[in-house]
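*Asks:* Given the sequences, and given the hints that come with them, work out the whole structure.
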Amino acid sequence: MEHHHLVIDGIHKRYDGAEVLQHVSLSIREGEFFFLLGPSGCGKTTLLRILAGLLEPDAGRIILDGADITRTKPELRDLHTVFQHYALFPHMTVFDNVAFGLRMRKEAEAAVRGKVMDALRQVALDGLDARKPAQLSGGQSQRVALARALVNEPSALLLDEPLGALDVKLRQQMQIELKQLQRRSNTTFVCVTHDQEEALSLGDRIAVMDQGVVQQVGTPDEVYHHPANRFVCEFLGASNILTMGGREFGLRPEDVRIGEGPGGETVDLTDVLFNGHYMALHCRRGDGARFLIHAAQRPEGTRFQVHWDDADLMPL
Amino acid sequence: MKKGILIPPALWLGVLFVAPLLVVFVYSFFERGTYGELVPALSPDNYARAMDPLYLATLWRSVRLSLIATGISLIVGFPLAWHISQRSESVKKFLLVLLLVPFWTNFLVRTYAWIFILRTEGLLNSTLMGLGLITQPVDILFTETAVVIGLVYTYLPFMVLPIYVNAEKLDRRLLEAARDLGATSTRAFRHVILPLTRPGIISGCILVFVPCLGAYITPDLLGGSKSLMIGNLIQMQFLSARDWPFGSALSFLLMAIVLTALYISSKAQAEAAR
Amino acid sequence: MKARFLLHLNASLVYAFIYLPILVLIVFSFNQERINAVWTGFTLDWYLRLFTDGAILDALFNSLIVGVPSTLIATVLGTMAAIGMHKYDFPGKRLFESVLYLPIVIPEIVMAVSLLTFYVWISFALGTVSVILAHVTFNISFVFVVVLARLADTDGRYEDAARDLGASGWQTFRHVTLPLIRPGVIAGALLAFTISWDDFLIAFFTAGVGATTLPMKVYSMIKFGVSPEINAVSTVMILVTMILMLLAIRTEGITKTAKTIGS
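Protein chains in written order, with our numbering: chain A, 1 to 316; chain B, 1 to 274; chain C, 1 to 263.
A portion of the hints provided could be inaccurate.
[What the hints assert, rightly or not] Selected chain C positions facing chain B (Cβ under 10 Å, derived; list incomplete):
| hint | residue |
| --- | --- |
| 1 | Pro103 |
| 2 | Met111 |
| 3 | Ile140 |
| 4 | Phe200 |
| 5 | Ile230 |
Just so you know, these hints were derived from the structure itself, not from any lab. Note that the structure is a prediction, hence the values are computed from the model and not measured. Glycine included, every Cβ here is placed at the ideal spot set by N, Cα and C.
*Replies:* This is how it looks when you write it as structure tokens:
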């Protein structure tokens, strides 16, 4: 039986008359890299803040390592957060920032020094301990924020859109580092993001949320190839929705094959966009509906046959 | 950290600010006894007395001089604020500091400086006579003119700053767009600059007009007995005439006028923001 | 361009207008001649007289006795008000906010008169304490405005981070909030001291015998007659205030000060 490290049980939150979280329940396993994925306003950040203790739920419980921490104050929870814009204390040096949590717990200065330098080494910033946050780049600030949280060896780490403020190249590099960091520290990571690529590439499991409701929980493969409903299908990457026999099916553009085949149809090409390693072919089906194909090459002409494997159809 | 943090300041203000104002309000309905003592009554007599032409003249003078001072401050202050806002960063800072620092020197002292300059044997007259421009000294001190000079001198920065804050935020590109579309300088001014700085102008006018209304030292030192303003009138009730109830009524009237002016301006601000 | 020239001219004239009286005052504090504003020669006599004039030294002393305690108390209370108003929401908040802003807006004469009436009503003896209490009352608002402006720039994220990392409410306040608002608190304190130092009207109404402050003394000197001694006192007062304000501006930055006043 798996060890459910962090249990979210029926969390409900109303804000300004709107139901921000509707009886959300999730079980997160120890050592998992867990993602809360969804569009803005779906409630994921609210849920994270409730986990951190910065917000109180209207109903439900949070259980960490078997203990009910729903009413525990944030400073007493064994959870730490990496905030979206890092929130590094501007009036303290990098060293003092990272040492903050340890000092609040009144740990001996000698031990503090050792742990802080260790944590900075882990994120490859050990030369910068005397700098102030204003003198750091985006990537460096992010790493300090990580070190600051991890140095306290929390039961679980909460991350609020950690890579959102970084530019593309840096983000890709940080994604790999983040994954490695999570493995090495063997800490449960709960990460909030709206970037489905990030969730799919880094997550062990993903909870897809919309409008305060968990739409599906599963591994990246599960949510991508077996979406539970239309929302999940459309949110995680591009898709086509086909209605057949009164039921809806999802079809990924990369699963469409060009040429004659069983159960195929004729489509008309309307636009072609070059995406580097594939071509995005925007087409129209016989009934006028839009159809998207991802192919390695552009086919001849503007009207051609396409078909697909029935196994690739995803019932919704 | 609880909301309790607000209790000490709230208590202090309640006891030493709100309560005294309430006491004044109550006193305004009392009457003055024969020997200057307070006679509790509930008469609006004092307010009626305030409507006497003699006192109304003083009230009118206060309003009039305040309006003039505000007008002059606006005419002189607006271009200055605009001018500063168009300069480079370091020049802006320098000019602002230059503007503010004398402003923070003692009020009495600055008013006294004008006495020194404007009196019969003062600097102005000595210089003008020394240069042979006049033969008789000019009488400026102890006239309404002196009061207005003093008021403008004191409150000009209050007009300049809000307009400056507004003008600084003005997107230069709007002006460029207007020019690009064919507007002359005057047109650009009227249709772009003026409307967008209106909130600052309104703030500035209120920040000058209100203190001018309640001014005491300026009319006292520069105006003499012929140019009394409300503030002086109130002071006289408390210290020489010993008619505290009447003084209280006048104070409350002054407060009412000030609060009305503030209310009107906040409405105007809301309008300008649309 | 003609407009440019006019703007420059206007600016120069205004600055001349602003500085001329002050410079005149300072220059003539060294003048030998007593009555007329005609320069007859340089002397430090008037300053010497100043430093040996017992009444003036007493008044200076009183100004300090009033200024320092009232500044300390007002700074504490004003900062508390700013923190509370920034953080919390509660019914009647707008009303309380108006009460906090009112002392700045209300004509000084009204406040002076109301305090005098109140003191008499509760039979509180007029002396130095009565002035200190009065000065605290209006300075709370000034400190409040300055500190609130500084707080408005922060958004609670640092407090969140501190609590998340294990700091209690009090620890958060001590290690995060306070250092962040310290420049604002200092600027507010300097402002409060300057206002107390300069106040005439309220001291005039609430001071008892023997509690004459410097501005009160200067006022009576002016009423008595023009003399270069007044110029000398004025020059000293100008210098003190200028230094204090330059310090405050240095701490908070000029643009911030301008914006605070502007609002």
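*Asks:* Take the hints in turn and mark each one as holding or not.
*Replies:* Evaluated hints:
no., hint, result
1, Pro103, "6 Å, holds"
2, Met111, "8 Å, holds"
3, Ile140, "6 Å, holds"
4, Phe200, "5 Å, holds"
5, Ile230, "6 Å, holds"
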